[in-house]
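Listed below, chain by chain, are the residues.
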Amino acid sequence: MKRVKTVLFMVGIAALYGAGVTGLYLSTKGTVEQNKKFVKQKALVELFGLGDIQTLSKEKIAAIVETQIDQNETLTDPQTGEQIPLLKAYTDAEHTTLKAYGFEFKGIGFWAEIKGYIAVDASLQKTVGLKVIAQAETPGLGARIEEPFFVKPFADGLDISKPAPGKSYIYMGIAGSKPDPGTPQYRRTFDAITGATQTSLAMERMLNASIAEFRRAADNRKAGK
Amino acid sequence: MMHLLVIFLAAAFTENILLARFLGMCSFLAISRQLKTSVGLGFAVVFVTTFTAAINWLLHTYVMVPLGIEFLELIVFIVVIAAFVQLVEMIIERFSPSLYFSLGIFLPLITVNCAILGVSLFMLNKEGFGFWESLVFGFGSGVGWLIAIVLMAGIREQIKEDKIPAGLRGSGITLIITGIIALAFVAFSGIIK
Amino acid sequence: MAFKDTLGGRALIGNLWRDNPVFRQVLGICSALAVTNLLKNTLLMCGGLVFTAALSNLTVSLLRKVIPKQVRMMVQVLIIAAYVIIVNIFIQAQFPEIHKTIGPYVGLIITNCIIMGRAEAFASKNPAWPSLLDGIGAGLGYSLVLIIIAVFRETLGFGTLLGIPLPGRDIWWYQWTIMVMPPGAFFMLALVAWFGNAYVLKKEGGAK
Numbered sequence: 001m002k003r004v005k006t007v008l009f010m011v012g013i014a015a016l017y018g019a020g021v022t023g024l025y026l027s028t029k030g031t032v033e034q035n036k037k038f039v040k041q042k043a044l045v046e047l048f049g050l051g052d053i054q055t056l057s058k059e060k061i062a063a064i065v066e067t068q069i070d071q072n073e074t075l076t077d078p079q080t081g082e083q084i085p086l087l088k089a090y091t092d093a094e095h096t097t098l099k100a101y102g103f104e105f106k107g108i109g110f111w112a113e114i115k116g117y118i119a120v121d122a123s124l125q126k127t128v129g130l131k132v133i134a135q136a137e138t139p140g141l142g143a144r145i146e147e148p149f150f151v152k153p154f155a156d157g158l159d160i161s162k163p164a165p166g167k168s169y170i171y172m173g174i175a176g177s178k179p180d181p182g183t184p185q186y187r188r189t190f191d192a193i194t195g196a197t198q199t200s201l202a203m204e205r206m207l208n209a210s211i212a213e214f215r216r217a218a219d220n221r222k223a224g225k
Numbered sequence: 001m002m003h004l005l006v007i008f009l010a011a012a013f014t015e016n017i018l019l020a021r022f023l024g025m026c027s028f029l030a031i032s033r034q035l036k037t038s039v040g041l042g043f044a045v046v047f048v049t050t051f052t053a054a055i056n057w058l059l060h061t062y063v064m065v066p067l068g069i070e071f072l073e074l075i076v077f078i079v080v081i082a083a084f085v086q087l088v089e090m091i092i093e094r095f096s097p098s099l100y101f102s103l104g105i106f107l108p109l110i111t112v113n114c115a116i117l118g119v120s121l122f123m124l125n126k127e128g129f130g131f132w133e134s135l136v137f138g139f140g141s142g143v144g145w146l147i148a149i150v151l152m153a154g155i156r157e158q159i160k161e162d163k164i165p166a167g168l169r170g171s172g173i174t175l176i177i178t179g180i181i182a183l184a185f186v187a188f189s190g191i192i193k
Numbered sequence: 001m002a003f004k005d006t007l008g009g010r011a012l013i014g015n016l017w018r019d020n021p022v023f024r025q026v027l028g029i030c031s032a033l034a035v036t037n038l039l040k041n042t043l044l045m046c047g048g049l050v051f052t053a054a055l056s057n058l059t060v061s062l063l064r065k066v067i068p069k070q071v072r073m074m075v076q077v078l079i080i081a082a083y084v085i086i087v088n089i090f091i092q093a094q095f096p097e098i099h100k101t102i103g104p105y106v107g108l109i110i111t112n113c114i115i116m117g118r119a120e121a122f123a124s125k126n127p128a129w130p131s132l133l134d135g136i137g138a139g140l141g142y143s144l145v146l147i148i149i150a151v152f153r154e155t156l157g158f159g160t161l162l163g164i165p166l167p168g169r170d171i172w173w174y175q176w177t178i179m180v181m182p183p184g185a186f187f188m189l190a191l192v193a194w195f196g197n198a199y200v201l202k203k204e205g206g207a208k
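Residue numbers (our numbering), protein chains in the order written: chain B, 1 to 225; chain Z, 1 to 193; chain D, 1 to 208.
The following block holds chain B by itself, in its conformation from the complex (with noise of 0.2 Å):
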């Protein structure tokens, strides 16, 4: 009977107490959903640099995101068969000039997942942005990649059309050094984070990973057309 009544009394709890967590999950998903959303359009507007996302307001920031950047278009990786939705800015609303190509990237850092967007010039053939949308890494460090010095050279220009074979599209960096013309490193450099060694480390990982991929994509439809 005491069994009985342990049972009973650590379901009753645990039915309780999940019922709670259950209740306010649901009553508020549709705000984390709204403010995950937002999260994602201020990061693109700042990505493209399209407007000041400090002084634009939410639903300004929604219709420049709305009108100014095309997502219709998806490359295929042939290798994988991967799905790699292409997102098109342009200056104006009309579409009339081109300023950038993005593409999400996505990977495991040091404690958890991290997942950004790269932006590219016209070309495909060099990066013009970085921005991270979601990390969990140490604060202070690791969490590092989303300040300005870490994105710097993304935003200056980084080589990422095909390497040379056995080498990477992307290569992490001691900061302060800077490798000569000629290296497989020149101009494919980002500086790692001191004290930061396994997220630099894994950023090294899963960027060259999703910029292979956006590669062959983009290879693809260069073809297909």
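The set of hints was computed from the structure by calculation and includes no laboratory data.
These numbers come from a predicted model, not from an experiment.
You can trust all of the hints, since none of them are fake.
Here are the simulated BS3-like cross-link-like pairs (lysine-lysine), alpha carbons at most 30 Å apart as the crow flies:
1) LYS115/B - LYS100/D
2) LYS167/B - LYS88/B
3) LYS160/Z - LYS203/D
4) LYS106/B - LYS40/D
5) LYS126/Z - LYS162/B
Among the chain Z residues that face chain D by a calculated CB cut under 10 Å, a handful are:
6) GLY24
7) CYS26
8) ALA82
9) LEU168
10) THR174
Idealized CB from N, CA, C, for every residue including glycine.
Fit chains Z and D to the supplied structure of chain B, relying on the hints for placement.
Using the frame of chain B, we list chains Z and D on its own:
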């Protein structure tokens, strides 16, 4: 087979849950005074990490994802861990009362040992992990923790405590030793890409 | 009876320094290492911990006569986890900016040995009001130690406090990266433990 061995070695050494990710410190610092107790606690942790990693993988794959209730994962995982620790407590109390007594509060505290919950959460992040990979990953992580605590206990038993200033004895000196070992392990972090 | 002589009073005051959860009871170490490299995150974590410790101690104490012995750990952890997750979901919806900072620490609060340790050692055996005070005391004792460590780590590792650069930073500050990484936390915590333990021993030695 080789692939499982690699997972085991990575979990126990290069991704050592205590020395590389700094989880599971509380009981590590408090219990590592005595080698015998440390071995006992270490084995208890191995037992819990192995089985909870496996069970949590099964729950995640066959219950939580199909039902779309991943948001409850944190609670479910930790209750599973708690259930297992309760089981371990009953076993130790029955078979080794001296170990039960020397572990004291740190036996129930295995429940909230961040290392064990960490193992279950990290296992979810690993791509392509099936049941056996998760089990081996849990086993390897537990063994890594066991190695770390036995290492520390071995060092502490050799220290002449009377040469250390009174305030630094106990947790103080252990923290410094752990800091030095942690510094050494930082050197390993670039080895396996 | 003066406050400091009541069961609750003794629990709260004891937990602040003499039985400090961090360097005397050796609890809450994981989070002490993880969050103290930035003062802002430390303050948020401490706030979360005082709140959770007080609330969970209160609940466990109120239910202590009802919880069967065989499932007490599961129940305690369920209560702790449920409170933390409820607060987390609420913050995620209402204050997404704050959630971005403390999101990763949710797991660290649930598995914080202090909360479970005090629930098991004190709240499961004592009445509600003293248990609440014990929880608050444990949280405050933890906060005290962490704030001291964070002030040193952020100052030496980043040259800022709460994100604000310190005056004269360009002149005297040189980056001690090791302070931002875990080994720096170990050494700082050891120093605080040394100071704290020596002080407590001296006081006890003097009283004898």
